[in-house]
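Visitor: Here is what each chain is made of, one letter per residue.
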Amino acid sequence: MKPPLNMLIGPAIWGAHFLLCYALLSVGCALGWPSNALRWSLGALTALALTWLGCRLAVAGRSANDFHARVGRGLDLLALIAVLWLGAALPLVPAACR
Amino acid sequence: MSDGGERLRAELTRIWGNPPGWRALAAVNHSAVGRRFVVTGLAFFAVGGLLAMLMRVQLAVPGNDFIDQDTYNALFTLHGTTMMFLFAVPILEGFAVYLVPKLIGARDLLFPRLGAYGYWCYLFGGLLLYAGVLIGAAPDGGWFMYPPLTGPRYSPGPGADFWLLGVTLAEVSAVTAAVELASTILTARAPGMTLARMPIFAWYMLVVAFMILIGFPPLILGSVLLELERAFAMPFYDPRLGGDPLLWQHLFWLFGHPEVYIIFLPAVGMLATLVPVLAQRPLASYAWVVIAVIATGFLSFGLWVHHMYATGLPYLALSFFAAASMAVAVPTGIQVFTLIATLWPARPRLSVPMLYVFGFLFVFVLGGLTGVMVALVPFDWQAHDSHFVVAHLHYVLIGGMVFPLFAALYFWLPHFSGRLPSRRLGYIGFWLLFVGFNLTFLVMHLAGLLGMPRRVYTYSANLGLDWPNLLSTVGSFVMSIGVAAVLLDLLLHLRLGRRSPPNPWRADSLDWAMPLPPPPYNFASIPAVDDRHPLWRSPALAQELARGDHYLARAEADRRELLATDPITARPIQVVVVPGNSWSPLIMALATAAIAVGVLLAQYWLSALGLLVVITVACAWAARRPRLPARTAAGHGLTLPFHTHHPRPPGWWGTALSLLADATIGASLLFAYFYYWTVNADWPPQPPPATDWRLPLALAALAASSGLLMATQRLPEARRSAGATLSGAAALQAVFVGLGLWWLTASVAPDADAYGALLWAIAGWLGLHALGCVSMAAAAAAALARERSERRSVLATVGLFWHYSTLQGLALAGTALAFPRLA
Numbered sequence: 001m002k003p004p005l006n007m008l009i010g011p012a013i014w015g016a017h018f019l020l021c022y023a024l025l026s027v028g029c030a031l032g033w034p035s036n037a038l039r040w041s042l043g044a045l046t047a048l049a050l051t052w053l054g055c056r057l058a059v060a061g062r063s064a065n066d067f068h069a070r071v072g073r074g075l076d077l078l079a080l081i082a083v084l085w086l087g088a089a090l091p092l093v094p095a096a097c098r
Numbered sequence: 001m002s003d004g005g006e007r008l009r010a011e012l013t014r015i016w017g018n019p020p021g022w023r024a025l026a027a028v029n030h031s032a033v034g035r036r037f038v039v040t041g042l043a044f045f046a047v048g049g050l051l052a053m054l055m056r057v058q059l060a061v062p063g064n065d066f067i068d069q070d071t072y073n074a075l076f077t078l079h080g081t082t083m084m085f086l087f088a089v090p091i092l093e094g095f096a097v098y099l100v101p102k103l104i105g106a107r108d109l110l111f112p113r114l115g116a117y118g119y120w121c122y123l124f125g126g127l128l129l130y131a132g133v134l135i136g137a138a139p140d141g142g143w144f145m146y147p148p149l150t151g152p153r154y155s156p157g158p159g160a161d162f163w164l165l166g167v168t169l170a171e172v173s174a175v176t177a178a179v180e181l182a183s184t185i186l187t188a189r190a191p192g193m194t195l196a197r198m199p200i201f202a203w204y205m206l207v208v209a210f211m212i213l214i215g216f217p218p219l220i221l222g223s224v225l226l227e228l229e230r231a232f233a234m235p236f237y238d239p240r241l242g243g244d245p246l247l248w249q250h251l252f253w254l255f256g257h258p259e260v261y262i263i264f265l266p267a268v269g270m271l272a273t274l275v276p277v278l279a280q281r282p283l284a285s286y287a288w289v290v291i292a293v294i295a296t297g298f299l300s301f302g303l304w305v306h307h308m309y310a311t312g313l314p315y316l317a318l319s320f321f322a323a324a325s326m327a328v329a330v331p332t333g334i335q336v337f338t339l340i341a342t343l344w345p346a347r348p349r350l351s352v353p354m355l356y357v358f359g360f361l362f363v364f365v366l367g368g369l370t371g372v373m374v375a376l377v378p379f380d381w382q383a384h385d386s387h388f389v390v391a392h393l394h395y396v397l398i399g400g401m402v403f404p405l406f407a408a409l410y411f412w413l414p415h416f417s418g419r420l421p422s423r424r425l426g427y428i429g430f431w432l433l434f435v436g437f438n439l440t441f442l443v444m445h446l447a448g449l450l451g452m453p454r455r456v457y458t459y460s461a462n463l464g465l466d467w468p469n470l471l472s473t474v475g476s477f478v479m480s481i482g483v484a485a486v487l488l489d490l491l492l493h494l495r496l497g498r499r500s501p502p503n504p505w506r507a508d509s510l511d512w513a514m515p516l517p518p519p520p521y522n523f524a525s526i527p528a529v530d531d532r533h534p535l536w537r538s539p540a541l542a543q544e545l546a547r548g549d550h551y552l553a554r555a556e557a558d559r560r561e562l563l564a565t566d567p568i569t570a571r572p573i574q575v576v577v578v579p580g581n582s583w584s585p586l587i588m589a590l591a592t593a594a595i596a597v598g599v600l601l602a603q604y605w606l607s608a609l610g611l612l613v614v615i616t617v618a619c620a621w622a623a624r625r626p627r628l629p630a631r632t633a634a635g636h637g638l639t640l641p642f643h644t645h646h647p648r649p650p651g652w653w654g655t656a657l658s659l660l661a662d663a664t665i666g667a668s669l670l671f672a673y674f675y676y677w678t679v680n681a682d683w684p685p686q687p688p689p690a691t692d693w694r695l696p697l698a699l700a701a702l703a704a705s706s707g708l709l710m711a712t713q714r715l716p717e718a719r720r721s722a723g724a725t726l727s728g729a730a731a732l733q734a735v736f737v738g739l740g741l742w743w744l745t746a747s748v749a750p751d752a753d754a755y756g757a758l759l760w761a762i763a764g765w766l767g768l769h770a771l772g773c774v775s776m777a778a779a780a781a782a783a784l785a786r787e788r789s790e791r792r793s794v795l796a797t798v799g800l801f802w803h804y805s806t807l808q809g810l811a812l813a814g815t816a817l818a819f820p821r822l823a
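Each protein sequence line maps, in turn, to chains A and B. One point on numbering: in our numbering, the residue at position 24 of the first sequence is 24, and numbering is uninterrupted. One point on numbering: in our numbering, the residue at position 337 of the second sequence is 337, and numbering is uninterrupted.
Honestly, the hints are just simulated from the structure, not real lab data. Note that CB positions come from ideal geometry on N, CA and C, so glycine has one too. There could be a bad hint or two in this list.
[Unchecked claim] Which stretches of chain A does chain B cover? Using the computed rule of at least three CB atoms under 8 Å from a CB of chain B, they are:
#1 26-39
#2 51-58
#3 67-74
[As the list claims (entries may be wrong)] Non-contacting residues of chain B with respect to chain A, defined by C-beta distances greater than 12 Å in every case (computed):
#4 Pro20
#5 Val47
#6 Met55
#7 Asp70
#8 Arg197
#9 Ala287
#10 Ala317
#11 Val328
#12 Glu556
#13 Gly580
#14 Ala703
#15 Trp743
[Unchecked claim] If you anchor each label on the Cβ, the simulated ranges turn out as follows:
#16 Ala341/B to Leu48/A: 45 to 51 Å
#17 Pro4/A to Arg498/B: 41 to 47 Å
#18 Ala602/B to Leu48/A: 48 to 54 Å
#19 Leu48/A to Gly333/B: 25 to 31 Å
Given the sequences, and given the hints that come with them, work out the whole structure.
Guide: Here it is in structure tokens:
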């Protein structure tokens, strides 16, 4: 992928994770899924997003140091923080559909 | 050039100049259009401010009867609507329209007529909104227009219609500006201006343009659906028939929260441009600012439900939005800290723009802190709909937008007018505004915490609310006098201001590499850039450009020429000829307004006529292409193709970006479908209509039309059959519309339930695309009949729209019809 688009992958992962979490919760509630199933599905999604972002950051550490690479790394880092912050709610907030 | 470029500049002035007198209304030059936006925005700001003053007088003392509750409802509705839709967004767009081409080394925006059209749509939208006030039908449902309050049952008068149609016109204007700003920033930067060397304001505006393209369409769709409910009883928001009023809140805030950042980011972008100049040192951590702007753009789309904490959504869903609302403080904080870090080692003079920068830092940071407070669900439940939230949003919006705007106005005034404002009036204006603002809104936090509700026209004595409200009213008068001093200074400086020297702030960017006020062509020759601070690196650059030492130093055949470059490497790739002054943007905007007025008056023939004129003018724009040779010399030994012979002409970029907004509407329709499915136990409310032979045949015709167009694109240029195959593809689109409409009319009524209404809305959307395809085919056939060698360039743009429309048609129709049978 071309560098300027590549640098947007981090925020795109955050966006996809956010959207999928919200959609999964809405669909799960509409279909009456048990709260534990909901919580575990959301946790799995979050773990996947964090792993992907973590791998990108690990690989990026060895890549070129031009402007696009630096911006890409910074965006990956902010996306990681945002996903982690959202994921922190999962064990703390009831997964009840109300 | 032996005459120092004088003859070149005189010729360029003749070619690029605006017509005199009343014919100046036909000007399409970006400087003229940008100034129009700014002046009109300031006028609406003054009107919105007066409305606020009336509210403050009413609230000065308990039990006041200065105005009644209905008038108060109309006042807060108009105040919010004016400030958000008619002041904040358009004035910042105006600044961007004026500044961006100058900052990136271009002579104009890529689509000057589109920019002019956008301005007229904005003006007519604002006038339409206030026309309701003049005939005693002011909207009074709040700036957010929540149904059912604004639906046909509880708001039977035309006030809500004035709002919906006027605001939609203003939204169209924003989208047009976003399309041309994004395409210009991506493809018309000066040679050598790579992404890493782009002026920081261009980065801000690029991100904001994408945010507008994704954020504004949901509200356009929501408004159209509400207007359809009001005009034709299509029950999108009526829960008795499967609709849901909360769908409006989702669509509104999907727009509404990104809009806060759409307002904030350009304003901070202007500060990030002027603060380094005032500090006379580069912006600290340029790369981190770019990171923060992009991150803010993304995160701002994950905040919309924090306006809906009190609507009974699941706790976990609320926590997702609370997390995103807090996370966005990180990139926002980065932007504030980089400004502080830029100023920290410098000793900037306390000029008027600098005062407003300090005002921004103080006020906006306070607003940001209360923003984190209301992002917390339990706190928000306590403060919801109280004056605490009013105080918070004014700290964010006035701190994050008005203070930077005034800093920018004072900074770029010499650019707009060639004259310097009064320093004394500037200081007086700032201090009155700063003190008055804090007196008004700091106290308002307390009033909110004491229980003062929003949108209530009076309060009882002895609740502890008397003195905070009185102080707020006094503060608002002080603030208004400050704003009046600023506006007076702006007016007086036009006549009394001293002439500005060139580059009075010793700035680094290309916008100052020109005489003041700037000539209509901006640059006599297009600069080549090899640094982020071209004027600091080459102080004589302005003279070189004026002499014609750089690219495109010519004035040939009365053509308005731009240099287009590769979006990433900024290598020159084509010469673009943009259209000159024209009445067609005004005519097209009048026709667009006629569509809205026709709906308002239930005179649908007028709407149809307006649509016909819009399509005709658009086709004429597309079909009337300048006759150009394949290649031309661009200077410095460079030979480039003209845009009419390039496979990625500007029209392709404009279409691609417009389709992003288009796709957001399509996605919002899908969102509406699935939203109804999640909130209704039985969805669709009645069994879905049976499909017969007509529907598969209609969809097959749609797919076949795309196939035929693809075949046309692959025809060798020597073949003459493009017109015939284009006609065939257009005929297949007509078959698709005819069969689809036949089936729909026989199968489901638009007012039966929300499912039927949604099917009709999707059909209307697809029908508009079919109309677009047929119109583009007609324009392309007309253009190719004159010049066959441009086929690749013409069909690249037509094909992009056509194939996208086919894919969207299949996706929307497939989902709406197949999902009820699967679920």
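Visitor: Give a verdict on every hint.
Guide: Results of checking the hints against the structure:
Coverage of the region 26-39 of chain A by chain B holds. Counting CB-CB distances below 8 Å, 5 residues qualify, and the rule asks for three or more. Taking a C-beta to C-beta cut-off of 8 Å, the region 51-58 of chain A contributes 0 residues in contact with chain B, too few for the three needed, and the coverage statement is violated. Using a Cβ-Cβ cut-off of 8 Å, 5 residues of the region 67-74 of chain A lie near chain B, which meets the minimum of three, so the contact claim holds. Pro20/B, annotated as away from the interface, keeps every beta carbon of chain A farther than 12 Å; the closest lies near 44 Å.
Look at Val47/B: its CB is around 38 Å from the nearest CB on chain A, clear of 12 Å, so calling it non-interface holds up. No Cβ of chain A comes within 12 Å of the Cβ of Met55/B; the nearest lies about 36 Å off, and the non-interface call holds. Even its closest Cβ contact with chain A, about 36 Å, leaves Asp70/B beyond 12 Å, as expected for a residue assigned away from the interface. With a least beta-carbon separation of about 9 Å from chain A, Arg197/B fails to lie farther than 12 Å from that chain, contradicting its non-interface assignment.
At roughly 5 Å, the least C-beta separation between Ala287/B and chain A is not larger than 12 Å, which violates its mark as non-interface. Against chain A, the non-interface label of Ala317/B is violated: not every CB pair exceeds 12 Å, the least being about 5 Å. A Cβ of chain A approaches the Cβ of Val328/B within 12 Å, the least distance being about 8 Å, so the stated non-interface status is violated. Glu556/B, annotated as away from the interface, keeps every beta carbon of chain A farther than 12 Å; the closest lies near 34 Å.
With a minimum CB-CB distance of about 33 Å to chain A, Gly580/B clears the 12 Å threshold, and the non-interface call stands. Against chain A, the non-interface label of Ala703/B holds: every CB pair exceeds 12 Å, the least being about 28 Å. No beta-carbon of chain A comes within 12 Å of the beta-carbon of Trp743/B; the shortest separation is about 29 Å. Distance hint for Ala341/B and Leu48/A: a CB-CB separation of about 36 Å, inconsistent with the stated range 45 to 51 Å.
The beta-carbon spacing between Pro4/A and Arg498/B, approximately 44 Å, falls within the hinted interval of 41 to 47 Å. Between Ala602/B and Leu48/A the beta carbon distance is about 53 Å. The supplied range of 48 to 54 Å therefore holds. A beta carbon spacing of about 28 Å between Leu48/A and Gly333/B agrees with the range 25 to 31 Å that was offered as a hint.
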